[in-house]
Amino acid sequence: MNAAGLIIANAVRNKRRTILTILSLGASVFLFATLESLLQYMTSHALDNGSARRIVVRRKTSLQDRLPQSYIQKVASVDGIECVTPMVWFGGIYKEETAKNMFGQLSCDPETWHSVIPEAEILDPATGKPAPQLYDDFRKDRQGALAGIHLFEKFGWKIGDQIVLQGKIYPCNLTLNLRAAYNAPRGGTDESTLYYHHKYIDESLGNPGLIGVVEARVKNSDDIPRLIDQIDGGFADSDFQTFTETEQAFSLGFVKMLGNLTMLVHSIATAVAFTMLMVAANTTASAARERAHEVAVMKAIGFAPTTVLRYLLFENVLVAFSGAGLGAAAAYFFSAQVRAAMQQSPMAFFFEQYQMAPAIAIGSTLVGAIVGLCAALIPCARVAWMPISTTLRRVA
Amino acid sequence: MLGIPLKYNIRHLYVRWVGTVMTALGIALPTAVFCAVMALNNGLSKALTETGDENTIVFLRKSSMTETNSSIVRADAPVIEALPGIERDPKTSRAIVSKEIMILLNLNRIGGTASNVAIRGMSPEGRLLRPNVKLIEGEWPREGLTDVAVARNISERFEHCKIGDRLPLGKRDWRVVGIFDAGTTAYGSEIWGDAETLAGANLRTDAWSSVWVRAKPGELKRGEELYNSGAIPKSIMNVTEAADEKSKEPEMKSVLAAIGMIATSRISDAGLSLTLAPKFDSQLKSMEAFTERDYFRKQTDMGSPIAYIGQFIAIFMAIGAAFAVMNTMYAAVASRGREIAVLRAIGFKRRSVMISFVIESTILALFGGAIGALLSLFVNGISTGTTNFATFSEITFAFQVNAQVMISGAIFGGILGVFGGLFPAWRAARQPITQAMRAI
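Chains A and B are the protein sequences, given in the same order. 53 is the number that numbering that gives the first Met the number 0 gives to position 54 of the first sequence; each next residue is one higher, with no gaps. 141 is the number that numbering that gives the first Met the number 0 gives to position 142 of the second sequence; each next residue is one higher, with no gaps.
Next up, chain A with everything else stripped away, as it sits in the complex (with noise of 0.2 Å):
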C-alpha cells in the first residue's frame, strides 16, 4: 500500500466520523462562503453596472431632494459632456407591496437614452433576439416602457402589456406599456430596471419641471475629474447646488450606506470560520488519539515522526477539503435558492440578479482546507512525537 492510499484508507476507517466532520464543516463553509459571496457581490455588481464613462448630477444636500429641469440643458451644454438624460426615480408599488416586486422606475428621455447607455441592447424578450426596431416604439410611445430582460423573464411580461405602477413618493400612478426589452451582455448596466417617459411623469405631476438626477456620458472619462470640478462649481451659488461623481461611486453609495451591516457580516463570517476550528480540532484530537498505537507501531519499524506527521496532515485536510468543497460547492449551486430566500427580505433589491463567484467558492473551500489543517497541527503533532515506549505500554 502506498502512501496515498494509507491516507485515505486511514480517512475512512471510521466512517461515521468522517461523514459527520463533513457535514459540519460543509455546513458552516456554505454558510461563509454565502455571506461572503453576498457581501462581495453587491460591491461587484455595483461596479459592474457602472460605466466608467457616466456621470450622475444629484442635488448635494441628498438624492431626495430634487433638481430643477433646466439643469438638464446646463449640464448638457458643458464641454466635454456628450449627452443627458433627466431620471427620476419613481419607487411605485407594482401589484403589491413586497420587496420581491420592487425594481427600479426611472424616468429617461427617450431620444437621448440609448445615446447615454449605449451598452443596452435592444431585445425582443419573446425570442431574445436584438431587435433595435422596438426602441422606436418606446419612443413614440408617451407612456411606453422599456424593461431589462430579467423583469420580462421575472414577471412573465410581454410586448404590449400592460402594467400599472403605483405610486408611494408621487401623487400619481403610472400605467405603462411595455414596448421593448434591452440587455448588456457586456456588463456596464443593471439588466432589472424599468425605464419609462421622463414627460409622462412630468405631466401626470401637473408638469412641475423637476427632476431627480441627470445622467451624463462623458467624451472621454480622463476628463471627468475636471467635470466633475466644473458641475459643481458651476452651481455652487446657485440655490440648488449639486453633488456629481461617476456612476460606478453613485451605485457603491447604496452599498455603503449600509455601513456597519457589511462589518457585521464580515464578523460573522469570521466567528463561523472559528466554529470550524473548534469542531475539526476536536475531531483530530480524538482521531489521533486513537491512532497513537498504531503511530508507535509506525515508528518503532522505521517511520521518521516528520513522515507520520505529514500522513496524519494529509488525511485531515484532506477530509476538511471535502467538507469545505461540498459546502462551497452548495453554495456555489444553490445560489438561485439564496438568491429566491434574499427576495422575500428587504435587501431584495440587492441581490436581483445574484449568482456566487466562482472565485469565492473556490476560496472558502481554501480557507476551510487551511483551517482544517491549521485545527490538526498541535493533535497530530502530540500523536507524532509521543514515546514510543510509553505508547506501546499503555492498554487502550
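Check each hint, because a few of them may be wrong.
Going by beta-carbon spacing under 10 Å, a handful of chain B positions derived as facing chain A [said to hold, decoys possible]:
hint: 1; residue: Ala23
hint: 2; residue: Met64
hint: 3; residue: Thr112
hint: 4; residue: Leu134
hint: 5; residue: Leu144
hint: 6; residue: Met325
hint: 7; residue: Ala333
Source of the hints: derived by calculation from the structure; they are not laboratory data. Source: prediction; values computed, not measured. For every residue, glycine included, the Cβ atom is placed at its ideal position computed from N, Cα and C.
Start from chain A and add chain B according to the hints.
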C-alpha cells in the same frame, strides 16, 4: 425504573475535559452569534416600536407610508388643524399641532462612508409631542434661526454634528446648538430644527412632509367605540366609493374628529389604513393617519433585513454545530462501550442508558450555550447604525442583550445538544451487551 445517576455523566465530561471544552466552544460560538443577532434585532425593533404614543397622530399623504415620501400641500394643513378633538397646550392654549418637514442630508460617518441623516423641521409644538426627548447639552434651536439640535447617537457617529459645528445644508451653514437624547426611539437618529427655516433653506415651501397632532385622551376610544358599534360604515375604512352613505352623513360628520384621529391599533392591525370616504373634505381624503406607534412599527416590517439574515445564519450555524455534537457524543459512546455494557448488565434499562446519554449531551450543550450567551455580553450596548431603506435614512441602534436573549441563546445551545445526542444515545442503548464486554 431507576435512572443512571447524573454524577456519572458529569464526571465523564470532567474527565475528558479537553474534548468537552472544545465541543462546548463549538456550540458557544454559534450561540454567541445567535445572541448577538437577536440583540441587534432587539435594539433595532426597539428603536422602531418603542417610539410611540397612542394619542399622537401623524397625517401623511395617502399610501406614502413614510415621512420621507409624504407631502401635504401647505394649504391643506389647516384642515387638520381645524379638527376638533386636538389637545391644547395649557400654557399657550394653542392646539398641539406640528407641521413638519423631513429633509435627508448626505453626511459622512466619522472615519467611514456616507449615509443620509434625517433632519426634522418642526413647529414649536413639535417638542410637546415628544415629551420623552430630552436636551442633554446646549439649547434647543429657536424659531426662525438656522440652528439645529442633533441626537446623541448621530452626534457621536457623524461628521459636523458636535456643538458649535456647522452643517452644510443649502447655501447657508447650520449651527449645531444642542444635543438631545431620545432613548432608544427612532427620534434618536434625527436632527431637529425649525420647520419654516428648514423648508426655506431647502426650497420646499410648497408642502409639509407630515402634520402631527396630539389627540385629546378620549378621542381615540370614542372613535374606536363608534367604529365597533357600526356607526362608522366599514366602507369608510377602505378606498371604496360608498354610494348610499348619504343618509348617514350627518353622524359621520359628527364623528369626523374621531375618525380623523382614529387610526387605532385595532384598525391598522386589521391591515386597513384609514382612508376617508369621498364625501368628506377632499383634502382629508388624500391623507392617511396613523398613531405614532403604528407609524414606526410599520417601518420595522419594511426596513430591517437583520432579522432575516439572522435566521439564515442561525440555522446554518446550528446545523454545523449539531453535527459536531454528534461526533463528540459518538466518540464518547464508542470509548465507553464496556461501561455501557456493565451498566446494562447490572440492570439499567436501555431507556435509562439512552436518557443518560441525551442528558450528558444536553449538559454539554447547555454549558456551551451558557458560555456563548455570556460571550454575547461583550457586544451589549455597542451602538451602531445602518440605512433603513424604508425611509432611506440612517437609523442608529444598540445591541441589547437582555435576559430573554441570553436564555434563548442557552436554550438554542441546549436544543443542539438534544439533537446531537439522540442518535449516539440510541446507539449506546442498542449495543449488544456480550459483544461490548468482549471488545478490547
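Hint by hint, here is what the structure shows:
1. Evaluation of the B/Ala23 hint against chain A yields a held restraint, the C-beta minimum of about 9 Å falling below 10 Å.
2. Evaluation of the B/Met64 hint against chain A yields a held restraint, the C-beta minimum of about 6 Å falling below 10 Å.
3. Here the hint on B/Thr112 is kept, as its CB sits about 4 Å from the closest CB of chain A, short of 10 Å.
4. A least Cβ separation of about 25 Å between B/Leu134 and chain A goes past the 10 Å threshold, and the interface hint is therefore violated.
5. About 19 Å separates the beta-carbon of B/Leu144 from the nearest beta-carbon of chain A, more than 10 Å, and the hint is not met.
6. Because the beta carbon of B/Met325 sits about 5 Å from the nearest beta carbon in chain A, less than 10 Å, this interface hint is met.
7. Checking B/Ala333 against chain A by beta carbon gives a least distance of about 9 Å; that is within 10 Å, so the hint holds.
Against the hints set out earlier in the document, violations occur for numbers 4 and 5.
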